[in-house]
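Using the sequences and the hints given, assemble the complete structure.
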Amino acid sequence: MKYFYLIFSSLKRKKIRTGLTILSIMVAFVLFGYLTAIRQAFDAGVEVAGADRLIVRHKVSIIQLLPQSYEAKIERIEGVDNAAHQTWFGGIYQEPKNFFAQIPMEPEELFDMFPEYVISDEHKAAWLETRSGVVVGRGLVERFGWKLGDRIPVNATIWGKKDGGRSWEFDLVGIYEGAEKGTDTSQFFFRYDFFDETRANGTGLVGWYTVRVTNPDKAAEVAAAIDAEFANSSKETKSEPEGAFIQGFVNQMGNIGFIIMSIMTAVFFTILLVAGNTMAYTVRERTNELAVLKAIGFTDRGVLALVLGESLALTFVGGVIGLGLAWLLVSMGDPTNGSFPVFYIPNRDIVLGLGLIVTMAFVAGILPALQAQKLQIADALRR
Amino acid sequence: MFNWLSQIFAVIQFSMRSLPQRKGSSLAALVGIAGVVAVMVGVLSIAQGVLKTMESSSSDDNAIVLRSGAETEMMSGLMGDDTRIIAEAPGIARDENGVLASPELFVIINLPMRSTGTDANVPLRGVRAPAMVVRDRFRMVEGRMFEWGLNEAVVGVGARGQFAGLEIGSKIEVGQENWPVVGVFEADGGLSESEIWVDAAVLQSAYRRGNSYQAVYVKLDSRDAFDEFKDALTSDPRLNVKPMLESEYYASQSTTIYNMITGLGTLIAIIMGLGAVFGALNTMYTAVSARTREIATLRALGFSSGPVVISVVSESLLLAVAGGLLGAGLAWLAFDGFQAATLSWSSFSAITFSFDVNAKLLAQGIFFALVIGLVGGLFPAIRAARQPIAQALREL
Numbered sequence: 000m001k002y003f004y005l006i007f008s009s010l011k012r013k014k015i016r017t018g019l020t021i022l023s024i025m026v027a028f029v030l031f032g033y034l035t036a037i038r039q040a041f042d043a044g045v046e047v048a049g050a051d052r053l054i055v056r057h058k059v060s061i062i063q064l065l066p067q068s069y070e071a072k073i074e075r076i077e078g079v080d081n082a083a084h085q086t087w088f089g090g091i092y093q094e095p096k097n098f099f100a101q102i103p104m105e106p107e108e109l110f111d112m113f114p115e116y117v118i119s120d121e122h123k124a125a126w127l128e129t130r131s132g133v134v135v136g137r138g139l140v141e142r143f144g145w146k147l148g149d150r151i152p153v154n155a156t157i158w159g160k161k162d163g164g165r166s167w168e169f170d171l172v173g174i175y176e177g178a179e180k181g182t183d184t185s186q187f188f189f190r191y192d193f194f195d196e197t198r199a200n201g202t203g204l205v206g207w208y209t210v211r212v213t214n215p216d217k218a219a220e221v222a223a224a225i226d227a228e229f230a231n232s233s234k235e236t237k238s239e240p241e242g243a244f245i246q247g248f249v250n251q252m253g254n255i256g257f258i259i260m261s262i263m264t265a266v267f268f269t270i271l272l273v274a275g276n277t278m279a280y281t282v283r284e285r286t287n288e289l290a291v292l293k294a295i296g297f298t299d300r301g302v303l304a305l306v307l308g309e310s311l312a313l314t315f316v317g318g319v320i321g322l323g324l325a326w327l328l329v330s331m332g333d334p335t336n337g338s339f340p341v342f343y344i345p346n347r348d349i350v351l352g353l354g355l356i357v358t359m360a361f362v363a364g365i366l367p368a369l370q371a372q373k374l375q376i377a378d379a380l381r382r
Numbered sequence: 000m001f002n003w004l005s006q007i008f009a010v011i012q013f014s015m016r017s018l019p020q021r022k023g024s025s026l027a028a029l030v031g032i033a034g035v036v037a038v039m040v041g042v043l044s045i046a047q048g049v050l051k052t053m054e055s056s057s058s059d060d061n062a063i064v065l066r067s068g069a070e071t072e073m074m075s076g077l078m079g080d081d082t083r084i085i086a087e088a089p090g091i092a093r094d095e096n097g098v099l100a101s102p103e104l105f106v107i108i109n110l111p112m113r114s115t116g117t118d119a120n121v122p123l124r125g126v127r128a129p130a131m132v133v134r135d136r137f138r139m140v141e142g143r144m145f146e147w148g149l150n151e152a153v154v155g156v157g158a159r160g161q162f163a164g165l166e167i168g169s170k171i172e173v174g175q176e177n178w179p180v181v182g183v184f185e186a187d188g189g190l191s192e193s194e195i196w197v198d199a200a201v202l203q204s205a206y207r208r209g210n211s212y213q214a215v216y217v218k219l220d221s222r223d224a225f226d227e228f229k230d231a232l233t234s235d236p237r238l239n240v241k242p243m244l245e246s247e248y249y250a251s252q253s254t255t256i257y258n259m260i261t262g263l264g265t266l267i268a269i270i271m272g273l274g275a276v277f278g279a280l281n282t283m284y285t286a287v288s289a290r291t292r293e294i295a296t297l298r299a300l301g302f303s304s305g306p307v308v309i310s311v312v313s314e315s316l317l318l319a320v321a322g323g324l325l326g327a328g329l330a331w332l333a334f335d336g337f338q339a340a341t342l343s344w345s346s347f348s349a350i351t352f353s354f355d356v357n358a359k360l361l362a363q364g365i366f367f368a369l370v371i372g373l374v375g376g377l378f379p380a381i382r383a384a385r386q387p388i389a390q391a392l393r394e395l
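These protein sequences, in sequence, are chains F and D.
Taking numbering that gives the first Met the number 0, the leading residue of the first sequence gets 0, the next gets one more, and so forth.
Taking numbering that gives the first Met the number 0, the leading residue of the second sequence gets 0, the next gets one more, and so forth.
Calculated from the structure, these hints are not laboratory results.
Cβ atoms here follow ideal geometry from the backbone N, Cα and C, with glycine treated the same way.
Take these hints with a grain of salt, some might be off.
[What the hints assert, rightly or not] No more than 20 Å apart at the CA atoms, straight line, and that leaves these computed lysine to any residue pairs for SDA-like:
1. F:K234 with D:R208
2. F:K96 with D:F347
3. F:K58 with D:T117
4. F:K234 with D:N177
5. F:K13 with D:Q390
6. F:K13 with D:T291
7. F:K160 with D:R66
8. F:K58 with D:P111
9. F:K96 with D:T117
10. F:K96 with D:S346
11. D:K359 with D:L324
12. F:K237 with F:G206
13. F:K13 with D:S169
14. F:K96 with D:T261
15. D:K241 with F:G163
[Claimed, not checked] Here are a few chain D residues that sit away from chain F, every Cβ distance over 12 Å (derived from the structure):
16. R16
17. A33
18. A200
19. D223
20. L244
21. L377
Written as C-alpha cells, this is what we have:
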C-alpha cells in the first residue's frame, strides 16, 4: 500500500508533466486501436472464410463468365457437397461513391452455402415469394437507412435489361445478420431467376462458383478434380480455397498490413521517447528524495519497483483511456463512410494493446529505475 | 525599440547556449516531430502518387467515348459500327494515316504479383494503329512493337515491375493461346504503364468478341473542339454513347481512392500531431522549469516578458523546424518513387504507380511541424513570463 501512495504522490507533484505524458501515451493507443480496426476491415474476410469452401472461377480472369451448367457437373465430382453460383452485378445506387456489391443468387443456395448469414424464416419466405425481392445485410441497411418494403433502384453498368432500360428496381424483403463479429453484412443479394430473365444478354452465364467440400482436409484434391473436369474446354477453371481467393484480392489492394505496421512502429517509437524522457527527468529531479527513502530503509529493489511502478501507472492510465477512446471512435463508424465490410477492434488486438502497455511501461522505466537502484546514499544525499 | 530587439536577441542566444544541457528532452521532442512529419508525408505521398499517375495519363486534347451508363471501360461495350460512326464525328484530329480515333478492347488476365505470388487482375488492352499517336506519350523503351495481326504483346514498365512473367521472351496466356512478350513501353508514368497491349483484332478473336470494342480514344483538333464533338455524338440517333474529356474520365476514376487515402492520412497525421504537441509541451515546460531561476534573474535585471516569451517560442520552433526537416527528408528518401500496385475497384484491375513526395507535401509537412512547435512553445512561454519574480528566484 505504501508504494501506491508514494507513486501517487510523485505523479501528483508535477501535474502538468504527468498530464501531458499520459495524453501523449493516450494518443499512441488511440492510433493503435484505430489502425487495428482498419487492418481488420481488410483481413476479416480472410479470417471468416469457410475452411470447407472453394471458389471456382474462369481460369483467365474473374470477369470471364462460366456456364450455369457447370453447377451440376461440379456437384457430381466426388467430395463436393454443394455448389452455388454468384455473379458480379456492379450496379450503382444513386451515385458511384455509394459502392457496394450486388450479387444475384438462388435463394435456397444462399443460406445453405453461407450459414454465417443469419436470416429469420419469415424474411426468407418473403424472399422466396417476391421475384424482385432482395435480401440485404444489416450493415448496408443502416448505411443507407433503408427499411423493409423499400423499393431500391440500382443503375446497371454491366447488365442492361431486355426492355433496353438500365434501371433495375428491387424490393427490400429481408435483412440478414452476421453470425460473428467479422461477418460481412454489407452485401445485397437478389434472385438469380429474376436476374437471368431480365438481363438483355449473357443468359445462362454466371460469374463464379462457391463449392462446399465434404471433407476440408481433401479440399486441395477436390479443387484439382474440378479444374481437371473442365481442362481443355473452352472455359477452363481455377479453383482455390475461399480464404486464398479473398487474400488474393486483399494483396492486390496493396500491402496494407505493412503500411500499418510501419506507422505503428513510428508512433510507438516516438511516444516511447517522450515517456522515457519524462521518467528520466523525474528520477533525476528526485535523486535526493530517493536517497532519503533508501536511508530510511527502502531496499534497492524497492526503489527500482517504485520507479517502474510510476512508469506503469503513467502508461496504464494513458493506454487504457486511449484504447477506450479508440473503441468509441471506431464504433462511431468507419472513415470511408461505409465502404469497409466490417469495422471493429478485434479482441486479440485489445489483448495485444494491453500487452503493449506493460511492455512500454517497462522499456520507458527500466533505465531510470536501474539508475535509481544504483544510487549510493551518501553520494546522492550530497548532490 | 532597438533595446527591445537586442533583449530578444540576448535571451534567444542565452537559451540556445543552454540547449546542450537539455539535449535529452530536446532530442526527444525533435525526433517525435520528425516521426509525425515522416508518417504524414509518407501516407499522403501514396495519394499524390495515384493522382499523378491519373494526371499524366490524360492529354488535354484527348477524349474518350464509352457506352452511355458505363462508368469505366470495363463496363462499356461498343459495336464495330458504332466505332466507325464515332470516328466520323467532327473535331477529331487527323494525320497522314487518317483519323486519330482508336477503338480499343479492355479485358483483364490473371498474373501473379511479384511481391506476394498471388494473382492480380492485370489489364490487357487491344488497340488499333492510331492508339500510339492518340497517346502521344507512348514510346517503346525495350524490344520492339508487336506486329499487327500476330499473337504478340508489349507490356508497360509498371506492369513488368509488379507482375511476374512479363519479361521480353516470356509468354502470357490469353484465351487458350500463349503470346510472347516482344517489347516494353513507357507512357510518362501514366496508367497505360500498368497494362499489356496487343492488337485489338487478334484479341477480339481470342476472346470471341466478334467485331466489338469497349471504348474509343480520340485526339481532338483542340480542347475547344470537344463541345462540337460531344454534341455530334450525343445527338446522333444511331448512337447511345457518353463522350468525356480524358482528364475528366481519369479524375472520376481516382477520386474515391484519392479521398480515402488523403482522409485516412490526414486523420492519422492529426492524431499523431496531437501526440507530438503533448511531447513538445512537455519538453518546453521542462525546459522552462529547469530555467525558472535563470529567467527570473533576467527579468529582475530588467528584461521585459516579451523577449522571454519569444525566446521560449523560438527555441520550440527551432526544434520543430529541425524535426520537420528531418522527417520530411526521411520521408523523401524512403518513399519518393517507391513502386506499388493497387486494385482499382471501378475497373476491377490493377494500377501501378509510384509514391510521390512532392514539394507541396514537403512544405505541408514542415508547416505542420511549425504549428506543433508554436503550440508546444507558447503555453510554457507564457507561464515562464508570468511567474512572479520573487517567488521564482526562491525556487529550488
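Verification of the hints:
1. F:K234 with D:R208: holds, 15 Å
2. F:K96 with D:F347: This hinted pair holds, its Cα atoms lying about 15 Å apart.
3. F:K58 with D:T117: holds, 14 Å
4. F:K234 with D:N177: Holds, because 16 Å separates the two Cα atoms, which is no more than 20 Å.
5. F:K13 with D:Q390: Given pair K13 (chain F), Q390 (chain D) holds - Cα atoms ~17 Å apart, limit 20 Å.
6. F:K13 with D:T291: With a Cα-Cα distance of about 14 Å, the restraint between K13 (chain F) and T291 (chain D) holds, given a limit of 20 Å.
7. F:K160 with D:R66: Satisfied, since the Cα-Cα distance of roughly 15 Å is no more than 20 Å.
8. F:K58 with D:P111: Distance ~13 Å between K58 (chain F) and P111 (chain D) Cα, so the pair holds.
9. F:K96 with D:T117: violated, 28 Å
10. F:K96 with D:S346: holds, 14 Å
11. D:K359 with D:L324: holds, 14 Å
12. F:K237 with F:G206: holds, 13 Å
13. F:K13 with D:S169: violated, 69 Å
14. F:K96 with D:T261: holds, 16 Å
15. D:K241 with F:G163: Holds, at roughly 16 Å.
16. R16: With a cut-off of 12 Å, R16 (chain D) remains clear of chain F, as the shortest Cβ separation is near 21 Å.
17. A33: violated, 8 Å
18. A200: holds, 19 Å
19. D223: holds, 28 Å
20. L244: The claim holds: L244 (chain D) sits with its nearest Cβ about 18 Å from chain F, beyond 12 Å.
21. L377: The claim stands: L377 (chain D) keeps its Cβ more than 12 Å from every Cβ of chain F (closest is about 14 Å).
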